[in-house]
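Protein chains: 2
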Amino acid sequence: MKTKTFQPGDLVKIHTKSKTWEGHALESHSSEIIFLKLKSGYNIGIREGEILDVKLIEKSKETKKEKVELKKDGKLRNVAMIITGGTISSRLDSKTGGVISTDAEEILNIAPEIKEICNITKIEKPFMKFSEDMSFSDWKKLAETCERLLNDDEIDGIIITHGTDFLHYTASALSFLIKNLNKPIALTYSQRSIDRASTDAALNLICSAKYATSDIAEVALVGHKNTDDEICLAMPGTKVRKMHTSRRDTFKVVSDGPIAEINSDKIKILKTFNARSKNKLELDIKFEEKVALVQIYPGQNPAILDFYEKEGYKGIILEVAGIGQVPTQDAKFNWLPKIKKAIQNGMIICATAQTIYGRLNPNIYSAGRDLEKTGIIFLEDMLSETALIKLGWVLGHKKWDAKEKMLENISNEFNKKSLS
Amino acid sequence: MKTKTFQPGDLVKIHTKSKTWEGHALESHSSEIIFLKLKSGYNIGIREGEILDVKLIEKSKETKKEKVELKKDGKLRNVAMIITGGTISSRLDSKTGGVISTDAEEILNIAPEIKEICNITKIEKPFMKFSEDMSFSDWKKLAETCERLLNDDEIDGIIITHGTDFLHYTASALSFLIKNLNKPIALTYSQRSIDRASTDAALNLICSAKYATSDIAEVALVGHKNTDDEICLAMPGTKVRKMHTSRRDTFKVVSDGPIAEINSDKIKILKTFNARSKNKLELDIKFEEKVALVQIYPGQNPAILDFYEKEGYKGIILEVAGIGQVPTQDAKFNWLPKIKKAIQNGMIICATAQTIYGRLNPNIYSAGRDLEKTGIIFLEDMLSETALIKLGWVLGHKKWDAKEKMLENISNEFNKKSLS
Numbered sequence: 226m227k228t229k230t231f232q233p234g235d236l237v238k239i240h241t242k243s244k245t246w247e248g249h250a251l252e253s254h255s256s257e258i259i260f261l262k263l264k265s266g267y268n269i270g271i272r273e274g275e276i277l278d279v280k281l282i283e284k285s286k287e288t289k290k291e292k293v294e295l296k297k298d299g300k301l302r303n304v305a306m307i308i309t310g311g312t313i314s315s316r317l318d319s320k321t322g323g324v325i326s327t328d329a330e331e332i333l334n335i336a337p338e339i340k341e342i343c344n345i346t347k348i349e350k351p352f353m354k355f356s357e358d359m360s361f362s363d364w365k366k367l368a369e370t371c372e373r374l375l376n377d378d379e380i381d382g383i384i385i386t387h388g389t390d391f392l393h394y395t396a397s398a399l400s401f402l403i404k405n406l407n408k409p410i411a412l413t414y415s416q417r418s419i420d421r422a423s424t425d426a427a428l429n430l431i432c433s434a435k436y437a438t439s440d441i442a443e444v445a446l447v448g449h450k451n452t453d454d455e456i457c458l459a460m461p462g463t464k465v466r467k468m469h470t471s472r473r474d475t476f477k478v479v480s481d482g483p484i485a486e487i488n489s490d491k492i493k494i495l496k497t498f499n500a501r502s503k504n505k506l507e508l509d510i511k512f513e514e515k516v517a518l519v520q521i522y523p524g525q526n527p528a529i530l531d532f533y534e535k536e537g538y539k540g541i542i543l544e545v546a547g548i549g550q551v552p553t554q555d556a557k558f559n560w561l562p563k564i565k566k567a568i569q570n571g572m573i574i575c576a577t578a579q580t581i582y583g584r585l586n587p588n589i590y591s592a593g594r595d596l597e598k599t600g601i602i603f604l605e606d607m608l609s610e611t612a613l614i615k616l617g618w619v620l621g622h623k624k625w626d627a628k629e630k631m632l633e634n635i636s637n638e639f640n641k642k643s644l645s
Numbered sequence: 226m227k228t229k230t231f232q233p234g235d236l237v238k239i240h241t242k243s244k245t246w247e248g249h250a251l252e253s254h255s256s257e258i259i260f261l262k263l264k265s266g267y268n269i270g271i272r273e274g275e276i277l278d279v280k281l282i283e284k285s286k287e288t289k290k291e292k293v294e295l296k297k298d299g300k301l302r303n304v305a306m307i308i309t310g311g312t313i314s315s316r317l318d319s320k321t322g323g324v325i326s327t328d329a330e331e332i333l334n335i336a337p338e339i340k341e342i343c344n345i346t347k348i349e350k351p352f353m354k355f356s357e358d359m360s361f362s363d364w365k366k367l368a369e370t371c372e373r374l375l376n377d378d379e380i381d382g383i384i385i386t387h388g389t390d391f392l393h394y395t396a397s398a399l400s401f402l403i404k405n406l407n408k409p410i411a412l413t414y415s416q417r418s419i420d421r422a423s424t425d426a427a428l429n430l431i432c433s434a435k436y437a438t439s440d441i442a443e444v445a446l447v448g449h450k451n452t453d454d455e456i457c458l459a460m461p462g463t464k465v466r467k468m469h470t471s472r473r474d475t476f477k478v479v480s481d482g483p484i485a486e487i488n489s490d491k492i493k494i495l496k497t498f499n500a501r502s503k504n505k506l507e508l509d510i511k512f513e514e515k516v517a518l519v520q521i522y523p524g525q526n527p528a529i530l531d532f533y534e535k536e537g538y539k540g541i542i543l544e545v546a547g548i549g550q551v552p553t554q555d556a557k558f559n560w561l562p563k564i565k566k567a568i569q570n571g572m573i574i575c576a577t578a579q580t581i582y583g584r585l586n587p588n589i590y591s592a593g594r595d596l597e598k599t600g601i602i603f604l605e606d607m608l609s610e611t612a613l614i615k616l617g618w619v620l621g622h623k624k625w626d627a628k629e630k631m632l633e634n635i636s637n638e639f640n641k642k643s644l645s
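Chains A and B are the protein sequences, given in the same order.
Under my numbering, residues 226 to 645 are what the first sequence spells out, in order.
Under my numbering, residues 226 to 645 are what the second sequence spells out, in order.
These are calculated hints, taken from the structure and not from any lab test.
Treat the hints with care, since some could be wrong.
Because identical chains share one entry, a pair is satisfied inside a single copy or across any pair of copies.
Listed next, the in silico SDA-like pairs over lysine to any residue satisfying Cα-Cα at most 25 angstroms (straight line) [said to hold, decoys possible]:
(1) Lys365 <-> His240
(2) Lys641 <-> Ser423
(3) Lys535 <-> Trp625
(4) Lys598 <-> Ser471
(5) Lys539 <-> Asp555
(6) Lys477 <-> Ala500
(7) Lys557 <-> Glu536
(8) Lys297 <-> Glu349
(9) Lys557 <-> Gly537
(10) Lys557 <-> Phe361
(11) Lys511 <-> Glu486
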């Protein structure tokens with residue numbers, strides 16, 4: 226067997242009929258597949274049978290599974306890592322075929338390049354959860370962990386590893402709960418678990434390390450720009466949505482643009498950003514959890530508003546039709562009187578676009594103007610998910626004027642530049 | 226004033242500092258703007274002050290506002306038009322600045338090129354509604370109108386003009402309610418009202434006429450491919466979603482590809498299609514209106530299932546997290562027991578992806594397998610909106626096995642080819 230000539234960690238060149246690959250050999254659980262970590266950070270699997278020739282370029286200098294040593298190189302910036310769970314903290318359970326949780330060492334070992342970019346001087350695990358199980362108490366814990374770490378002069382930036390499903394909610398939550406952000410916060414993920422040849426974790430972690438050592442003091446979601454596994458985007462925390470069940474470039478910036486494009490060599494800045502400073506980071510952690518997100522569709526029953534009112538809900542994000550309408554013609558499904566009544570009873574109701582992309586405008590159709598008269602707050606191009614988080618945060622502050630605050634651009638949740 | 230040298234309908238060449246435009250002059254309500262209909266079908270507005278020179282190429286042969294004459298040219302196919310309302314049937318109300326309904330003549334006059342493509346031999350108006358006000362009774366009327374028209378040997382295809390907001394629901398509904406479709410049905414729209422210089426109606430109508438005279442016997446949504454105003458796509462009725470509040474290319478094919486690309490000259494077929502035939506079209510109009518669409522988000526209250534149960538709902542499409550999970554860790558928001566109980570009580574619950582793009586797979590995570598054990602039906606890559614319509618239609622048939630029918634690929638609502 227040709228592959229017996231090298232060990233995991235060795236730098237090798239593998240020739241197949243169709244292509245030549247160069248990279249570090251990875252441990253393989255299969256006798257038929259060779260896993261190789263390419264320079265791009267991407268791992269590939271090559272079938273043993275396809276291999277024509279293997280050339281050993283350099284023997285491994287590392288032990289097979291290195292213990293994480295939190296060393297400091299004086300020339301590099303110091304980054305803290307917060308591990309919260311999700312696929313990026315998972316590996317395949319060979320018994321069930323599903324994935325199970327793994328540890329910090331495995332995460333760091335998947336992207337040893339990080340050590341060339343920064344010193345990981347701290348690793349924290351405030352909780353271990355898949356993101357679909359997170360809620361306000363978790364965002365609070367995360368914000369408090371960020372505050373403690375970023376107000377420490379010894380820490381220059383943070384990488385948070387996180388599940389993908391509700392990652393955009395966490396990105397929004399941190400964008401509102403944290404005030405005067407002084408250093409970079411990179412939220413990152415993987416769509417494939419880190420022991421898979423196709424894992425996207427390595428590049429995301431490398432680019433997150435680049436981001437966390439940059440001068441961009443923004444909450445950004447850092448992940449694949451496309452499926453090439455070469456470039457990541459730093460996406461604004463309030464303007465990003467998960468748009469695919471499995472693709473590595475699942476997160477898309479919506480009605481806005483990325484902050485930066487990142488690869489293992491450099492960061493290309495794409496817009497004005499809030500810069501690194503000596504400010505003291507502060508928290509503003511008040512949150513009303515009784516907020517709901519309701520989509521309008523044909524035949525949707527407006528009595529749903531009564532349900533949320535009875536359950537004690539204080540606010541609702543209503544995903545309205547088109548550019549800002551609700552059904553009105555059928556008496557049973559006329560939303561206008563129900564919305565008006567709920568608002569009169571003290572509920573705050575805001576409108577977002579169920580098309581996801583684009584901006585609401587109540588002034589195009591008379592139906593939009595009728596809707597506006599109910600007292601609903603049109604949230605222009607704000608994402609529904611961001612709007613839900615912002616509404617919870619705004620309603621947590623009993624003394625605030627909810628409408629005024631919902632329309633104030635607090636963390637770039639409105640893209641004021643775009644009129645499309 | 227240079228523009229006084231020509232009349233609406235005249236073919237003119239207009240030179241501005243930056244560009245030269247050639248097209249037919251349109252009626253203008255403004256003394257400062259000249260509207261021109263370009264060869265591409267696109268209408269533009271040019272500010273009077275920018276015009277350097279106007280050259281008259283050909284005087285108009287038409288009267289300013291032609292009455293619709295339903296003439297027949299023996300060489301052309303005969304198309305029926307069904308007008309239902311929406312922006313494509315609207316023009317600006319100069320008093321309010323909003324839009325008001327208009328008539329068939331105005332729609333046809335915006336795209337006189339249609340007469341070169343087909344004979345519009347019939348125009349029907351089963352109802353006039355914005356699409357957000359439509360529901361099952363409207364889809365039923367539309368399906369019945371299609372049946373009557375397409376089972377008439379004198380009609381070769383149908384164009385339905387329709388509001389955009391819930392157009393994709395109608396496209397789905399017709400895909401399920403109509404059996405043995407024998408001729409093309411084009412559903413089309415505009416995002417800007419037809420008296421606006423920027424209206425997208427003309428190209429959409431021209432391409433719909435091309436589609437309705439083609440040999441593709443499918444329900445397709447025909448509309449702009451991009452913002453260029455040169456090409457339309459014929460999009461499969463069950464795989465399309467409105468994705469932007471205002472862009473003319475708002476409709477996107479999701480997890481599938483278009484049936485054809487169309488411009489005013491030709492149709493480029495992009496996939497296998499059901500072809501025109503002498504079959505008798507049949508209807509299968511049974512529908513359970515008590516179906517709901519529920520999105521899961523952080524803190525979403527699973528008691529919402531109780532609400533729909535109490536209201537007598539028979540089925541729910543649940544937009545689950547990621548590739549197929551629901552929150553479970555927090556006892557208050559553990560969806561599993563609630564889903565299980567609702568299913569045991571006779572509710573049919575199906576899972577779709579809230580990411581919109583991609584395919585569900587319950588076998589990746591143990592959370593997915595736990596969810597599958599509740600009896601929920603995983604709808605793979607089916608769009609939530611399509612799933613809602615299909616569920617209503619399936620549950621309308623009391624004798625059908627709901628799970629079996631929901632998983633049967635009836636109108637290409639599953640893309641069996643794609644595994645991405």
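So, going through the hints one by one against the coordinates:
1. Taking CA atoms no more than 25 angstroms apart as the test, Lys365 paired with His240 passes in neither setting, with 51 angstroms inside one copy and 62 angstroms between copies.
2. Taking the shortest Cα distances, Lys641 and Ser423 sit within 25 angstroms of each other only across copies (23 angstroms), while inside one copy they are farther apart (38 angstroms).
3. Taking the closest pair of Cα atoms, Lys535 and Trp625 come within 25 angstroms of each other only inside a single copy of the chain (24 angstroms); across copies the shortest separation is 36 angstroms, beyond that limit.
4. Only between protomers do Lys598 and Ser471 lie at most 25 angstroms apart by alpha-carbon distance; the minimum there is 22 angstroms, versus 42 angstroms within a single protomer.
5. For the identical chains of this complex, Lys539 and Asp555 are inter-copy neighbours only, at 21 angstroms across copies versus 27 angstroms inside a copy, given an alpha-carbon limit of 25 angstroms.
6. In the homo-oligomer, the alpha carbons of Lys477 and Ala500 lie at most 25 angstroms apart inside one protomer (23 angstroms), although the nearest pairing across protomers, at 37 angstroms, exceeds that limit.
7. In this assembly of identical chains, the alpha carbons of Lys557 and Glu536 lie at most 25 angstroms apart whether taken from the same copy (22 angstroms) or from different copies (13 angstroms).
8. Taking CA atoms no more than 25 angstroms apart as the test, Lys297 paired with Glu349 passes inside one copy only; the shortest distance there is 17 angstroms, against 77 angstroms between copies.
9. Taking the shortest alpha-carbon separations for Lys557 and Gly537, both the intra-copy value of 24 angstroms and the inter-copy value of 15 angstroms come in at or below 25 angstroms.
10. For the identical chains of this complex, Lys557 and Phe361 are inter-copy neighbours only, at 13 angstroms across copies versus 35 angstroms inside a copy, given an alpha-carbon limit of 25 angstroms.
11. Taking the shortest Cα distances, Lys511 and Glu486 never come within 25 angstroms of each other, neither inside one copy (33 angstroms) nor across copies (52 angstroms).
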